[in-house]
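Join the two chains into one complex using the hints; note that each chain is given alone, in its own frame.
Residue numbers (our numbering), protein chains in the order written: chain A, 1 to 500; chain B, 1 to 311.
Since the hints were derived computationally from the structure, they do not count as laboratory data.
Idealized CB from N, CA, C, for every residue including glycine.
Among these hints, one or two may not hold up.
A few chain B residues that don't get close to chain A, going by computed Cβ distances all over 10 angstroms [what the hints assert, rightly or not]:
(1) F25
(2) L40
(3) A118
(4) M130
(5) P145
(6) Q198
(7) E203
(8) F219
(9) Q229
(10) L240
(11) V270
(12) I274
(13) L290
(14) L293
(15) V294
Here are some of the chain A residues that sit facing chain B, going by a computed Cβ distance under 8 angstroms [unchecked claim]:
(16) L122
(17) S151
(18) Q155
(19) G242
(20) S243
(21) A297
(22) M299
(23) G321
(24) V428
(25) L454
(26) P457
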Amino acid sequence: MADLGKRMFGRRVFVRWGVAAGGLGLLAACAPAPPAAQAPAATAPPAPAAAKPTDAPKPAAAAAPTAVPTTVSAAAGATQATTLKLLGWNYEPPLVQENLDRFVQQNPNYKVEYEPIAGDYLVDLLTRFRAKTPMDVIYVRDQYHASWVESGFLQPLDETDEINALYADMFPYNANQMQWKGKKYGLPYYTDFDVFAYNEKMINDAGFSAPPATLDELRKQAETIKQKGISEYPLYMDLSKGSDQMWDYWMYTFASGGHLLDQAGEPTYPDKDKVPLAILEWWVAAANDWKIMNAQANMEVPTAGALTPLRTQGSQAGYGGVAFAAHSRYDLEADNAPERSKSALPGKINIKFVLFPGLDANSPHNVPAWNRYYGIPSTAPNKKGSMDLIKYLGGKDKSGEYYTAKRWWLLRALGMAYKSPWTDSEVVDRTSKFITDSALMQKANSLGQARDGLEFPWWTDWYMDLQANVQQALLKQKSPRDALQASADKARALKKEEGR
Amino acid sequence: MAAAETLAGARSVRGARFELSERAFAYLLNLPAILTILLLVAYPIVDAFWLSLHRYNLRRPEAYAFVGLQNYVDVFTSDQFVPSLGVTLFFTFWSTIGVLVLALGMALVANEHIPQRAILRALILLPWAMSGVVTALMWKWIFNPNSGALNGLLYSLGLISNYRSWLMSPDTSYLAIVTANVWNTLPFSALVLLAGLQAIPSELYDAAKVDRASLWARFRHVTLPWLSQPILIVLIVQALGGIRIFDIIYLLTGGGPGYQTTTLGFAAYVTSFISTDIGRGNAWSYTVALLTLVIAIFYMKLLYGRGDVRS
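Excised from the complex, chain B in its bound form (with noise of 0.2 angstroms):
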């Protein structure tokens, strides 16, 4: 505080020829920070919803025109629109339910004092310094039809009497864009509840041994309650991500076989980038930005309507 009055002292004595609030100096800080956020960031967004009211085809320019929401109608009512909603709530559903599980399992595990536990979370952490496109590039490889390290493996086993296509089996493509996807997103919620775990007092184990709680009795009354933020915080993320995801289903299936695997992102990928529809392939994008939103919204009320975090 005395620092604060000292400064407001200098600034007035220093300044004399323009007297600035408190408020105003603080702005005038932050104005370099929001001028790049309002260019970056801001006006993007906005001039990508206008662009969303426009007939814009990079083909046909000449053919630009306002077309009010007519885009979203085209978008809602289009053959792929609710296949593709589909395939995107699957594929976040399990993609969160298969992260949710193995990353507890592992922040279980990491939690435990066993040897070397450092290199085990180390190890654990690796994933998460690949990039999708890497990760994507990767489980392609693995998945190759004709010399995958998969087909290799279950083919020495006898598990399989011939190679087959992982991505393009409509039996199997769905698990495999799940498995490269929680492979890749696995570690960071392993590190958040890692990071609840330890958190947890000890004292409530050894209250709960004195009273001859079984193993699975102090998980689900001591472990599960103390990890319900970190859980939430995982679930928000990888639900986020999962209706975002793009990089894996372009490098590993191609939103194929037929449109097995096309998301809602990938179909705004395809309109915006391929069919050069801007104007279309906005009204997709805005689509998905509303769907993160809702289910955004509906996780911050689940996450700071328990009173255990305040805004």
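So that you can see chain A by itself, here it is in the shape it has in the complex (with noise of 0.2 angstroms):
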């Protein structure tokens, strides 16, 4: 009983001291926030001289960088600072927090808390519009600007003299991509487009004097290197199945000429456009019949983090696991970095790209592009310092440099949308570390078109489903035809369900 006594005491004193600390915390979460440390300064002080894109900008005061969400402030404990919340997917933190920075110090009447999204971004993003969670400027991919829009989860921006020169000053497949009937909903975060890389010397030494310009002479030149032991597999495409997987099939096809999906969302495949049964044919020969690509091992996930095949080691120096493969323009960078990539020559740019191949010499090289932009959410609670941030952004800073779209090319080679700045000569300079014809790069830009269908809310459930039958089809699991076939049934099912 004594003992039990004891417990009960225990337990009863456990309670109070619990209750006792909680009340506290509840007092405490309730206080009124504390005065901020110093007054901030009541004006802006003039923009910082213009720095050099590739450096950080000073930190402001009490900013820690790498914190995740980060406020930064430009003046410490600033009173009158308006906090803007940027949501974005998780690319470089570290360098968009340098870009926070620089817009913090030319602008102190804000403070800007960076949040990245390191899981899945549509599916975080679509929870929190949802919930109305308030949130000042957001990244939007391409894939997402129809349906949001028509969902109301953006708003356009305001449409005055400075957006509008900026839009003009834009290539026209981004200023098109931003808008939705008349509006102008975004300002590019970055773009790009995809090439058709290969790597010089296994071509030299393969005894190719060029590159492949059609899917024919692609065979040839693969068939080649096979047969030399210069590599087993020569050609890679990524044949992995995932809602932002398998763009090659976008790249062959409209580098032939071919569509997918109509404006009205009608599959043009298997017969009215041949193109597509056409590519999907060359693939199951070159998987089953040459053996020029290991399809099986093309069709697993790209581990995070591995060296993709054109850049692991081959069989000898600048040689690499592949000879060809189809990738962003951006990866060309990290394919010539030594310290990137293991079939890069030092001094000497080994992995260089070609217009894309198609099925014959007339084809119109076309390729898939995209872009990414900042956008204003339709909950973001003041417009004002939305299109300030966004202007910073996605625009010019207050020094009337292209500041955050230069940086990004000179450090990560993202694409810059807009036409001017790509005359500018540091970036001319490192453009030419990792691309030998610039020329040629801007044709292959001028060549980019957006995926198809990407307005329609079954976009992804059709294009998965596509994908899985490619895959069969490369498995001799269906005929290309069945496979294509099933898979334009299956766009036409869905697009049905959708009007119902």
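Below is the structure:
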């Protein structure tokens, strides 16, 4: 009994202390926020002298550049500063933070709270839209654009002369992509397009002086490389499944002038447009008959952090695991950096690109392009603040320079959507480090086009089913025609269901 | 009993302002736990079911509407349903068989009086300490088609002439995911069976030896009957885990090649989080839950119907 009494006493004491601690916590939480330590500058100081875009700006006081989420303030504890919230996917948070530091230096009346989202960005944002979470500026992918606008998740920009001037300086593809029904919805984060890359040393050693211009030439070169033992599977394609995988099918189809969906979302394959079927038949033969690519290995979702086959070590210096691969233009920079690629040759550009080979010599060489932009969610509480941040991040800084766009190109080779900065001497110099023919790059850029049907809400379901059918064709579980017919039927069913 | 009376008396004296029955007092004490369970478990379950009766795609939230059982009709008539069900049952069956056979073997070895038995038992437990995600990533490297350990081993032994893809080959993708799952879930089952083995009285084996029973006869007539309950537990745990499998599929094969390794759970994930169709995704999830429930009831009847275990 005495023991029991002690235990009861113990519990009671525990509960009392717990309640007391909780009450104190509650009181603390309800207490007014402590006053700011220092008064802020009442007016914005003049813009600091333009720094070199590759230099990190001096961090704002008390800012922790790598902390997540981070609040940046030019004047620590500024009482009048408006806090803006930026959300983006988790790409290079420290560099984003440096860009924001500069924004706050130039605009001390703002703080910026930056939250990089490490998980599934789409699901995360959709959940926040649903919960009406206040956000000021967000990253937007082109595949989200139409449905987010139609669903009322985004609000249009204020169409000022400044915004119109920025749009006038963009490449048409980028300017068009960010508009919907005559309204402008963002300013560009970066843009890029796919290129057909090749290892120059490998094709030269196989006896070819120029890269392939058609798929027949590609087959011939790949077979020769294989026969000479330079590479077992000279051609790599991303054949994995996923909402953002298997871009190669778009690349090969576009390069030969084909399309998959028309503007109404109706599938044009396998009969109305014969290119997709011809491409898939070529792929099946490449994997199973000519054995120039390892389709099964290429179906595996790439392991994060692993070198791409173009960058893995081949049988001798300058050789990669494969000789040909299609990928983003910005990958060329890493392809040719010896510290990031085992097939790179120091002091030489070994991985080059060519206009994407098509089914015949008259192919248009079109490629998929994409746009990533800064948009303003409809839940943004402070439109002026959002506009100020978006104009800095996606346009010019206070010194009149395309600061962040240029910086992304110089540091990470992320493409610029604006025309004028491409003639900048620093940009030209940087480009020459990994691209030998900048005129060819601009030509390829002009051939970029958006993937078909991104505006339809059923796009992802259709696209992943298409990928599964393509895989089944490559494994010879279905004929290419049957696979594409099944995919086309699926598209029609999804479209019909959407209208239900 | 005396303590309980004392407690009740104390409560009535101290709490003179309100009298509580024993039952009400018990509920009061359990209230925090009940509220927590209602909030964190019951509410999401009911809400998920409610959502499964609606058309609700996050890409088109304005099209939200009550559709009754239409999502379930769509799931059952989907061209993916039967193949996914087949893959799920196939995966569950072979995972369960694989785990049972190997766990039994491991438990029998670990139950023997061999040197360093404690170390052996600790090693058996090791894979259990790893999460499904870590296990899947480890096996992804082992199965890597370009630099994987399995390819390296088989190539160096001269058993294969070229590195190959184990995860995306129609012949080996099932085997690969079953292997990864068996490796990860084996230790728990081995532990359960080992506990069962240690509960068998040694006199039974002594008596069988006196009767000149062979090793097989001792296993068949002594060990197995005594292990029937632990085996049933292993079967239940493995079968239910197999039906709900997601992480290994997600990380190793992504449901491919084609739809070859797409299970019901993975289809639910794709519908909910890739297609962002929350209504239909919940219908897929409830279908998995229904299947799990049916199998659980079947096993429970087996387990409790024998009379050895009382509910």
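*Assertion that L290(B) lies farther than 10 angstroms from chain A (Cβ)*: It holds; L290(B) is separated from chain A by about 23 angstroms at its closest Cβ, greater than 10 angstroms.
*Does the claim that F219(B) lies outside the interface with chain A hold up, using a Cβ gap greater than 10 angstroms?*
Non-interface label on F219(B) holds, nearest chain A Cβ at 42 angstroms vs cutoff 10 angstroms.
*Claimed clearance of chain A by A118(B), with the beta carbon kept past 10 angstroms*: 36 angstroms, holds
*Is the interface hint for Q155(A) satisfied, with its Cβ closer than 8 angstroms to some Cβ of chain B?*
The hint is violated - Q155(A) has no Cβ within 8 angstroms of chain B, the shortest such distance being about 16 angstroms.
*For L293(B), is the shortest beta carbon distance to chain A beyond 10 angstroms?*
27 angstroms, holds
*asked:* Given G242(A) as an interface hint, is its Cβ closer than 8 angstroms to any Cβ of chain B?
replied: 6 angstroms, holds
*asked:* Does the closest beta carbon of chain B sit nearer than 8 angstroms to the beta carbon of V428(A)?
replied: With Cβ-Cβ at 37 angstroms, over 8 angstroms, it is violated.
*Find the nearest Cβ of chain A to the Cβ of F25(B) and say whether that gap is larger than 10 angstroms.*
Given that every Cβ of chain A is farther than 10 angstroms from that of F25(B), nearest at about 14 angstroms, it holds.
*asked:* Quick check for students: does the CB of I274(B) sit more than 10 angstroms from each CB in chain A?
replied: 5 angstroms, violated
_When the least beta-carbon distance from S243(A) to chain B is tested against 8 angstroms, hint result_ = Hint holds; S243(A) Cβ to chain B Cβ min 5 angstroms, cut 8 angstroms.
*Please settle this one: P145(B) was flagged as non-interface, so is its CB more than 10 angstroms from every CB on chain A?*
4 angstroms, violated
*Have a go at the G321(A) hint: is there a Cβ in chain B nearer than 8 angstroms to its own Cβ?*
7 angstroms, holds
Checked against the numbered hints above, the structure violates hints 5, 11, 12, 18, 24, 25; every other hint is satisfied.
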